[in-house]
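> Sequence:
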Amino acid sequence: MKIHAIIFAFALQLTQSLAISQEEAAKIGTDLKQRPPAGVSWEEWHMKSEHGLDDYDADSVFQLHLSSKKDALTRKDILNMYGLLRTEVVGSGDGMGSHDESEGITDATKEEIIDKVLSMCDYNKDGEITLDEWRRFSKNGGRLPDMGVGVGHHGDFEYEYEIHHWLEHHSEDDPDVKIQHKEDIEHELLHHEHEIEHEDGTEDGRPKNFVKTSAQELNAQIILANIPSKYRAY
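In case it helps, mature numbering (1 follows the signal peptide of the UniProt record, and there is no 0) puts the sequence shown at residues -19 to -1, 1 to 215.
Note that these hints are calculated values from the structure, not bench results.
None of these values were measured; they are calculated from a predicted model.
The beta carbon of each residue, even a glycine, is placed where N, CA and C say it ideally should be.
Hints should not be assumed to be uniformly reliable.
Unchecked claim - Computed list of lysine-lysine pairs in BS3-like fashion (alpha-carbon distance at most 30 Å, straight line): (1) Lys50 x Lys29; (2) Lys106 x Lys120; (3) Lys29 x Lys120.
Said to hold, decoys possible - Quick list of simulated restraints, FRET-style, between CB atoms: (4) Arg16 x Asp96: 17 to 25 Å; (5) Ala19 x Met101: 17 to 25 Å; (6) Asn105 x Gly20: 28 to 36 Å; (7) Asp107 x Ala39: 18 to 26 Å; (8) Met101 x Ser41: 17 to 25 Å.
Generate coordinates for the entire structure from the input sequences, incorporating the hints supplied.
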């Protein structure tokens, strides 16, 4: 078995399998910077993509994002609405994408979004949004605005992969993911890239961000058991 032939064949197949049109990408709605489809508010986009709801009322939005016992949406809840409780978005945030797309979320961005939402819904200016305030906002035609941070995935990239792909395509008939879709391959690659970046220092004391360029070091990072047989060259 020639390891470099394996790498090349796997990479080629992966590249081909991940080539989707802009129209298809728009339907997926998962990239961090992607905006809502034309004619759809960010709130509607979020509720459909993340909660599977085409039809909903103001109380549903409120209760789905309420985490405290105070019966009021807190600053933390607002961040959760927009998927910003994470310190980093890995790939495109939904378990897909390239690790090069990963982005940190600055405190300034978080504060800007919190302040914007509170300015729209917090009528008594106490730093929280009660159900009555939320109902008033919604009754007046208010909708959560697009803040340029994507659709608002609530979980980390592993959780989002399970929610958006594994549950639909594998949970009942293929729990061990024996049937590989392009999304499974893309997620597996993202998972390993993230794992390598966050591993501890190497045995010889080099930092974890050391770029491994020799063939021996590159081969050491590859787990053959995780490469589907159809991508192997013998």
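> Compare the structure with each hint and give your call.
Right, here's what the structure says about each hint:
For the hint linking Lys50 to Lys29, the alpha-carbon distance of about 26 Å falls within 30 Å, and the restraint holds. Of the supplied pair hints, the one linking Lys106 and Lys120 holds, its CA atoms being roughly 19 Å apart against a limit of 30 Å. This hinted pair checks out: Lys29 and Lys120 have alpha carbons roughly 20 Å apart, not beyond 30 Å. The supplied range of 17 to 25 Å is met by Arg16 and Asp96, whose beta-carbon atoms lie about 21 Å from each other.
Roughly 22 Å separates the CB atoms of Ala19 and Met101, a value that falls within the hinted 17 to 25 Å. A hinted range of 28 to 36 Å for the beta carbons of Asn105 and Gly20 is consistent with their spacing of about 33 Å. Separation of Asp107 from Ala39 is about 20 Å and conforms to the stated range, judged on CB atoms against 18 to 26 Å. For the pair Met101 and Ser41, the supplied restraint of 17 to 25 Å holds, since their beta-carbon distance comes to about 18 Å.
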